[in-house]
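**Student:** Given the sequences, and given the hints that come with them, work out the whole structure.
Under the numbering used here, the residues of the sequence shown are numbered 1062 to 1113, in order.
No wet-lab data here; the hints were simulated from the structure.
Misleading hints may appear alongside valid ones.
With a Cα cut of at most 20 Å, we get these calculated PhoX-like pairs of lysine-lysine [unchecked claim]: (1) Lys1064 to Lys1090; (2) Lys1072 to Lys1090; (3) Lys1112 to Lys1087; (4) Lys1087 to Lys1071; (5) Lys1069 to Lys1083; (6) Lys1083 to Lys1064.
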Amino acid sequence: MIKSEVVKIKKIKDFDNLYIEKELIKLNKNPIRWAIIDITSEYLSVSLSYKD
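**Tutor:** Below, the structure written as structure tokens:
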């Protein structure tokens, strides 16, 4: 089953795709696709689709 949700990831100074994907995997989310939808001074909000 494919699920979608929005998760928050701790923002680091120089983040990239690999950082985001590693953080998603740490949350036990194996991403099919994802997109950054908001950035604050502390967090990245990521819209995520993953297989459950």
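**Student:** Tell me if the straight-line CA distance from lysine 1072 to lysine 1090 falls inside 20 Å.
**Tutor:** Between lysine 1072 and lysine 1090 the Cα gap is close to 18 Å, so the pair holds against 20 Å.
**Student:** CA of lysine 1087 to CA of lysine 1071, is that 20 Å or under?
**Tutor:** Within the cut-off at roughly 12 Å; holds.
**Student:** Please verify whether lysine 1083 and lysine 1064 have alpha carbons no more than 20 Å apart.
**Tutor:** Measuring from Cα to Cα gives roughly 18 Å; hence the hint holds.
**Student:** Lysine 1064 and lysine 1090 were given as a pair; does the straight-line alpha-carbon distance stay at or below 20 Å?
**Tutor:** The hint holds at about 10 Å.
**Student:** Decide if the proposed pair is consistent with the structure: lysine 1112 and lysine 1087, CA atoms, cutoff 20 Å inclusive.
**Tutor:** 15 Å, holds
**Student:** Compare the distance between the alpha carbons of lysine 1069 and lysine 1083 with 20 Å, and conclude whether the hinted pair is satisfied.
**Tutor:** It holds: about 13 Å lies between the C-alpha atoms, which stays within 20 Å.
Every hint from the earlier list agrees with this structure, and none is contradicted.
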